[in-house]
Structure formats: structure tokens, C-alpha cells
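Chemist: In case you want the letters, here they are:
Protein chains: 2
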Amino acid sequence: MNQGKNIERLAVVGAVAAGMSAASQAKRRNPNLEVVVFDRGPHVSYGACGMPYNIQDSDRAIDDLVVISAERFRSERGIDMRTGHEVTEIDPEAGRLRFKRSQGEGEFAFDALVLATGCRAVTPNWPGKDLPGIFALHTLEQAASIKRYLQDRSLRRAVVVGGGHIGLEMADVLTSRGLAVTLIKRSSDLPSGYPEVISQLVQSELDRFGVKVMIGTEISGFEGAVRVEQVKTSAGPIPADVVILATGVKPEVDLAQQAGIRIGACGAIAVDETMATSAPGVYAAGDCAEAYHRLLKRGVFMPRGTTANKQGKIAGANVLGAGERFPGIMGTSITKIFSLEVGHTGLMEQEANALGLEAQAIHIKARTRAHGYPGAKEILVRLVFEPMGGRLLGAQMAGGEGVAKRIDVLVAALSAGWSVDELAGLDLSYAPPFAPVWDPILVAANIAKKKVR
Amino acid sequence: MNQGKNIERLAVVGAVAAGMSAASQAKRRNPNLEVVVFDRGPHVSYGACGMPYNIQDSDRAIDDLVVISAERFRSERGIDMRTGHEVTEIDPEAGRLRFKRSQGEGEFAFDALVLATGCRAVTPNWPGKDLPGIFALHTLEQAASIKRYLQDRSLRRAVVVGGGHIGLEMADVLTSRGLAVTLIKRSSDLPSGYPEVISQLVQSELDRFGVKVMIGTEISGFEGAVRVEQVKTSAGPIPADVVILATGVKPEVDLAQQAGIRIGACGAIAVDETMATSAPGVYAAGDCAEAYHRLLKRGVFMPRGTTANKQGKIAGANVLGAGERFPGIMGTSITKIFSLEVGHTGLMEQEANALGLEAQAIHIKARTRAHGYPGAKEILVRLVFEPMGGRLLGAQMAGGEGVAKRIDVLVAALSAGWSVDELAGLDLSYAPPFAPVWDPILVAANIAKKKVR
Chain A
43 MNQGKNIERL AVVGAVAAGM SAASQAKRRN PNLEVVVFDR GPHVSYGACG MPYNIQDSDR
103 AIDDLVVISA ERFRSERGID MRTGHEVTEI DPEAGRLRFK RSQGEGEFAF DALVLATGCR
163 AVTPNWPGKD LPGIFALHTL EQAASIKRYL QDRSLRRAVV VGGGHIGLEM ADVLTSRGLA
223 VTLIKRSSDL PSGYPEVISQ LVQSELDRFG VKVMIGTEIS GFEGAVRVEQ VKTSAGPIPA
283 DVVILATGVK PEVDLAQQAG IRIGACGAIA VDETMATSAP GVYAAGDCAE AYHRLLKRGV
343 FMPRGTTANK QGKIAGANVL GAGERFPGIM GTSITKIFSL EVGHTGLMEQ EANALGLEAQ
403 AIHIKARTRA HGYPGAKEIL VRLVFEPMGG RLLGAQMAGG EGVAKRIDVL VAALSAGWSV
463 DELAGLDLSY APPFAPVWDP ILVAANIAKK KVR
Chain B
43 MNQGKNIERL AVVGAVAAGM SAASQAKRRN PNLEVVVFDR GPHVSYGACG MPYNIQDSDR
103 AIDDLVVISA ERFRSERGID MRTGHEVTEI DPEAGRLRFK RSQGEGEFAF DALVLATGCR
163 AVTPNWPGKD LPGIFALHTL EQAASIKRYL QDRSLRRAVV VGGGHIGLEM ADVLTSRGLA
223 VTLIKRSSDL PSGYPEVISQ LVQSELDRFG VKVMIGTEIS GFEGAVRVEQ VKTSAGPIPA
283 DVVILATGVK PEVDLAQQAG IRIGACGAIA VDETMATSAP GVYAAGDCAE AYHRLLKRGV
343 FMPRGTTANK QGKIAGANVL GAGERFPGIM GTSITKIFSL EVGHTGLMEQ EANALGLEAQ
403 AIHIKARTRA HGYPGAKEIL VRLVFEPMGG RLLGAQMAGG EGVAKRIDVL VAALSAGWSV
463 DELAGLDLSY APPFAPVWDP ILVAANIAKK KVR
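Chains A and B are the protein sequences, given in the same order.
Using the working numbering, the final residue of the first sequence is 495, and nothing's skipped along the way.
Using the working numbering, the final residue of the second sequence is 495, and nothing's skipped along the way.
It is worth saying that the hints were derived from the structure and are not from the lab.
Careful: at least some of the hints might be erroneous.
[To be verified] Straight-line C-alpha distance at most 30 Å; calculated BS3-like pairs for lysine-lysine:
| id | chain 1 | residue 1 | chain 2 | residue 2 |
| --- | --- | --- | --- | --- |
| 1 | A | K419 | B | K189 |
| 2 | A | K339 | B | K142 |
| 3 | B | K492 | B | K407 |
| 4 | B | K171 | B | K189 |
| 5 | A | K419 | A | K493 |
| 6 | A | K419 | B | K407 |
| 7 | B | K142 | B | K189 |
| 8 | A | K492 | B | K339 |
| 9 | B | K419 | A | K407 |
| 10 | A | K339 | B | K492 |
| 11 | A | K407 | A | K492 |
| 12 | B | K339 | A | K491 |
| 13 | A | K339 | A | K419 |
| 14 | B | K339 | B | K171 |
| 15 | B | K419 | A | K189 |
| 16 | B | K419 | A | K419 |
[Stated by the list, open to error] Here are a few chain A residues that face chain B, going by a calculated C-beta distance under 8 Å:
| id | residue |
| --- | --- |
| 17 | C91 |
| 18 | G385 |
| 19 | G417 |
| 20 | A418 |
Don't be surprised by glycine CBs; every beta carbon is placed ideally from N, CA and C.
Build the full structure now, drawing on both the sequences and the hints.
Modeler: Right under this line is the structure:
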């Protein structure tokens, strides 16, 4: 494929966040461009992060998660949507891809290609893991299956395997749907990767809502006559009417790999800051692609809906030569576990140490509203910083309200490269309903300042 | 007074936010320091910004607003609290002040002095403004008087004069206490200084809760037999059982002025970044002092509880030679009007123009949570920026939730000196309960980017 030639036909593989952002952006910039999007599934442009919350609400249709339907992409945006088309091979050199669909196989010629193949759930090869009643939660079809299965009112006990965001959110969802939930996790960090002081708050919240947490328990398989009935573990069998496997994801890179496109050390498709892959004219965006981490200064595999949208938009623009650049991520994440909000941005100590940086952490507990203002919740703010000079490296928070946007203030502080001293000087907003006169961020920054050499 | 000499006695004038922060900080740094705080009133260390919310709740004692009592400052912090002492004269040169109290007058010798005299409510000299039932809301005593007055259940109609934060908060408070409220304001900006697109949302919110807003109506006085019964205006008499005058404040600088201490152009006591005044050994902090505005690059009078606390702490440290510096404010403010949150940081266009900067503004409306997630509210984000290069100059927001901390992200962006392009690249947190996949901040930044030349 010749990079210099006029781009008349863009192929996009994958029709969720990154793929549809790329397709829409390219079409908007050049309405004459032929944009064809291939997806093996029936659903496009759905909010995957919203799946647990949709499952929680038995009154909501699962299709509510679809932001824009394939029909609307066709009729309103003029994008050729090929759902039910599984792309089986790409040939960037020749500008051609092959696909498979129910009616047989086919080929398609393109001038430019965006790979937005996403990631897939990974589960250990436990015996019995294909029994009915055992689910991963990754695609809209899987979410729909779980939701259908939960309509069976005789289900009483659920086991969730994994304590990352999806595992914790599903423990919340299944509890609120009336099931007794056991969460099994290998290590005690909750969510995975978080420091102990926050894991303890999460553990307390799970306790408070009756979720039984089993740490370090090994799973050896699943058993049941016609559907799952129990989980075999190192702590004995655990009865289970439904099991959610939330044991991780990995990037879907087979197509890229087979085409000889470079894969990064993190396992995702290597991209530069324009989202270009090693193959001329081929871009990658979203969960299948590396996300450049601004502090680690390398590409990482860290799937996020918001990153997928940003990268997709940039890839779609750059197909047409816009030269846009993805500035990178800060490793930000946020989740809600029952009434506890938990968030993180930047580096944990061990990540900083791996970069050769000395890292220290402090944490404070404070209230989210002014003295005397009703409804205040507790919030824990933890700052990670370099003791020499005080440069901020990361932050974690947990609390009853106001965590997400406080994490975002820290995202900005990290992006600016500030010290804890500079953070402490911010003119943050103050009014009794929204913060104490010293916002918890400032309280934490003032404590950290004292530790700086 | 000799700056070089050993500091053994610190006098602080004013015992609210700035004064008590200074006193506490100095005492903490040197427990042997004698710290004496003078205040003409009976109350110390109260949350003035919380007064409207306390008045709203008839079950709460007004004293709840006191964060730390004078007794606790004495017993736990070893600070000599002289409440009911009005300082009538300071002599920085001689290191001496004079005070008046119920038992007579007195003198006090100090080695260093912190002025934290605050500001006072200003009301035009309308005939009848001293009638019972007419109140300013500035001190805890005034708040207590209002609250006592409102215990009279026969009160039905209230008039609020002024549409700044206090006027709007009191319109909310009086409405929720069952009174029919009329708000009179000279100009149509609500809160004062806000752009029209936000004033309209505030006006709608006031309408929705039954507050009658009269713009441009001139007041000529108040009438009543034994207490206020009506407000005389250019639109005819308005019946009123209670009137709140929220017509502005000005810094309390008489003591400083009489001592020859330099007053800034904004009318507040001139200070450098260490909070030092023009008189050696004399510091000023809080509402009586200038706050350095980081974008305007000059001292302004912008009374805020959070600024008072920060400045007081710095003044208290610097009395003992700590050399701490106040980095300045960004003009941030936030308030809640019924269920609408309204906030601002940085410059409005007219302020930018006055600095010789070209300024442009865009605004967007978005939802506060992800597609399909229940409970989302509308939010308006308005960005002010330089069309040439795109440097961010200011931001205003209004919405049903999540305004305060989003404003704080903008505070950080302004403090970092970013362009709207840099703002658009932030890795803000995303999960359905907290934001759409494109946070409203990012949506606004992306729109602004397109306007940049």
C-alpha cells in the first residue's frame, strides 16, 4: 500500500469505541471518503463500561447500552457498517483484507486501515469452565447472556473470580440483585494493584454489604449436572448458581501479528503518537493498541473506554493526514464499589521504584464537606511523591463522594509535573456543600510537603 | 519595632479564619511563643461561609458553626484569646496596640503583629435600613439574629437585595424555610459577574423554586411601624416581613490605614508574597489583605474562606522567619443555588481584555454521567481562551452535580498555563457513575481547539 496515494477507502476493523470514533472522525473530515467498518458481532458502539450497571437494573434493556445503532451510523453518518463480518486476514502491503460471514467469505480493498480489535477476556483453563452459568463479562452478548441467566429467580449464590474493577463491580451488581456473593481473589489488593490502606476500605465496604471475600484461595475447577453448581477450591467446594470470571483481559492482536505488524512489549499493537503502526497506512486504536504512559514513558496495555475514544478520533483524523498526536495516559482509573468510590492516577511506589525513582507515600483522612454541612462523607487521599524535591508521582483515593473529580485534579497536577508544594498552593474552589475550607487534596499536599527533603 | 529582634510575643487582631490560622501556626512552630488574639466579638474560628446553610436548618444551633471554641484554643493550643476586645489603635513602630473592652481600655506590647481584621458588609444609606427585620449577613452575631428572627412563624415574605453568592444562597435558604422570596438586583448577571448563558440558568432555577427576580429595580428605602413591612422601590412598594441586604463587602482596613500601613489599589492592605505589610514585623492575612491574582498579576480584594486560611497559615509561619510564600489565587468561586451548582475560575473576557488580551469563549452542554447511567444531570461548561495560540484564560460552569471539582481541574489547568489543546489531552477518570466517556471538560476543550488560530 502506498502512503502517498489518495485515500478514498478506509477500512476499520472493530465497531465499538475506538473503531466508531475513527470511522466517524474520518467521515466527518472527508464526507466523500468511503468508510467501511467490519465487526464480527452484531452490536456496535456500545458502552462496555456500563454493562455491570445495566445488568444491575432488571428493568433496563441491554440494548440501552448502544449509544448509536448501526442503522444510524449508516443513515445519519454514511458509514458502511458490516456487522457479522469477521475479518480473518489483513494484507497492509496489498491494501486488502479477507472476511468471513454467515453467507461465506469475501475480500475488501482499502487505502487505509484502522485496527480497533479491542481486547478479550482471559480465563485460566479450569476444568468445567464452559458449564452453563459461568460467564466472562466482556462483550455486549456476554452481558446479555448474564442478564438473561439472572432472570431465573431461583439463583441464590454467586461466585465472582477476580478483584479488579469488573469483579468488584459485579460483586456489587449481583448483591443488589439479591444474590449471596463470594469473591475469590489471589492477592489481597482490592482493586488489584491498590495499596493496603485502600484495600482495607474496600474490604470493609464488601463486608458491610455481605460479600464474602476469599483471598488466596486457589480454584481447581467447576462442577454441576446441567449447569454450574459448585466451584472447587483449595478451601473446599463453594456452592454457586452463577459464576463470573473476571480474571483479566489481553489485547486482540492476532490479525496484526499475522500481518507482521509490530507488537509492543506490553503485548498490544505498537503505535507511535499519531496511532500509526509499523505498517504504512495502518493505524491502531483502543484496547488492542498501546497507550503511551506519560510517566512511565512507554507504551502500556491499559484498556479504558475514554482512551479508546481519544485514540480512535486521532487515528481517524490522521488517516487523512491531520497529524494529530495522542499525548498519552496517566494510568487513571476510577470505580464505584457499593457506596465507595475508588480511584487512582499516576504511579504506585513499586512502579516508580522500577523507574529508578525513590518514592514515598502519605495518606490522610478527611471529610468531603465543610464543618457542619450535612451529608459529608469520609475520604482518604494518598499521595505518592519523590522525597527529594517533592515531585508528585501518583495519587490514590477512596471515599463516599467526590473521588472521581478530585482524582482529575491530580491528573492535571501530574500532567503539569508539579511538586506537592505546588499542589498545596492551588486555589481550589470552596463552599460548604462541596469541600472543607482545606480541601482533602490540600490537606494531603500539606502533609506531604513536610516529608520533602 | 525592630525586625531583627527575637520574637517572643505575637499579637493577632481578628479571631476568625485568617487570625486563628496564623495564631495556631505560629504557636505550633514555637510553643514558647506568647500568642495573643484580640477580637471585638464573642465568637472565634467560625465557618462564615456556612452561615446560610445553618440558618436554613432550624434544628441546628448557630454555635455549630464554631469549629474550635475560644476555650479550646486556650486549653489545647495555649493561645491567649481576648474576645470582647476591640483593638482601637496599632503602633507598629513602638510595637504596641490599644484596645477597648467592656471593663475599659488597655495596651498590649508585641514583637510581631498579624492583622486579620476581615471585611465588613456595605449597604447604601437607604432611609429606614435600620428597622428591625432588616439584616446584613456577615458576622456570626448577624447570622444568629437572622435565625432568631425567622423563628417568628408569621413571617411570610422576604426580600433579598443583591445577587452575589450571599444573596442567592439566602434566597435559597429563605425559600426552603417557607417564605415567598423576592430578589432585587441592579444588573442581570447572576451571580454577579457571570456571563449571560449562566445567568439564564440561575434565573431559571430561581423561577423553578418560586423566587421572584426583579432586575434593575431601584430601592429608595424601607418602611414599617415597629419593624420592616415594605421595601420602597422604583417598581412600587414590595411587602416584606424580613429583608436581607447582600449588597457587598469591603475590607476592614481602618487600623492599618491609621498606622500608615500601605493600602493597595483594590482597597485591601497591601502585602507581599510573604504576607508582610509595608510596616516591618506586621503581617496581614485574609479578607482585610490583598490576594495576589495569578492571572491578573496584581493584588485584588476577593474575600474567600480558603484564601484566608492559607494566608493566615503563611503569615503565622513567617512571623517566625519561615519564609513561606503565598502563590496567589485564580479567582475561583463556587456556590449552590437550590439544586444548581455554579462555579468560576480564572478570567472573564472583560478582565482579559482589560489586560490587553484577546479573549474568546465557547460553551457546551453535556451530561454528568455516562450514556444510560441513571441520575445524570445537565452541565454547562464555558471556556475563555486566547484565540491566538489557545491559551486557557478562564472557565465558568453550571450544572446539577460535579461542578466544584470540575472547576478545580480548570484551576489546575490555568495554574499550569495550558492551552485548550493541552486541556483536551488530559487523561481524566472515566466510569459511568462519574462522567461520560468524554468528560464535559474534554468536550468543551475539543470545541475550543477548533476556534484556535
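Chemist: Can you confirm whether the C-alpha distance between B/K171 and B/K189 stays at or below 30 Å?
Modeler: holds, 19 Å
Chemist: Would you check the hint for B/K492 and B/K407, treating anything up to 30 Å between C-alpha atoms as holding?
Modeler: Roughly 17 Å between the alpha carbons, so the hint for B/K492 and B/K407 holds.
Chemist: Please verify whether A/K339 and B/K492 have alpha carbons no more than 30 Å apart.
Modeler: holds, 28 Å
Chemist: Decide if the proposed pair is consistent with the structure: B/K339 and A/K491, CA atoms, cutoff 30 Å inclusive.
Modeler: Status holds; Cα separation ~26 Å.
Chemist: Given the hinted pair A/K419 and B/K189, is their Cα-Cα distance within 30 Å?
Modeler: holds, 27 Å
Chemist: Check whether the Cα positions of A/K339 and A/K419 lie no farther apart than 30 Å.
Modeler: Violated - the C-alpha atoms of A/K419 and A/K339 are around 36 Å apart, more than 30 Å.
Chemist: Given the hint that B/K419 pairs with A/K189, does the C-alpha gap stay at or below 30 Å?
Modeler: Given pair B/K419, A/K189 holds - Cα atoms ~27 Å apart, limit 30 Å.
Chemist: Min Cβ distance, A/G385 to chain B: is it shorter than 8 Å?
Modeler: holds, 6 Å
Chemist: Hint validation: A/A418 versus chain B, beta carbon distance must be below 8 Å. Holds or violated?
Modeler: Because about 12 Å separates A/A418 from the closest Cβ in chain B, which is outside the 8 Å limit, the hint is violated.
Chemist: Holds or violated: A/K407 and A/K492, Cα atoms, limit 30 Å.
Modeler: Holds. A/K407 to A/K492 sits at ~17 Å (cutoff 30 Å).
Chemist: Quick one, are A/K492 and B/K339 close enough, alpha carbons at most 30 Å?
Modeler: The hint holds at about 28 Å.
Chemist: Quick one, is the A/C91 hint okay against chain B at 8 Å, beta carbons?
Modeler: For A/C91, the interface hint holds, since the closest Cβ of chain B sits about 6 Å away, which is under 8 Å.
The structure is inconsistent with the numbered hints 2, 13, 14, 19, 20, although it conforms to all the rest.
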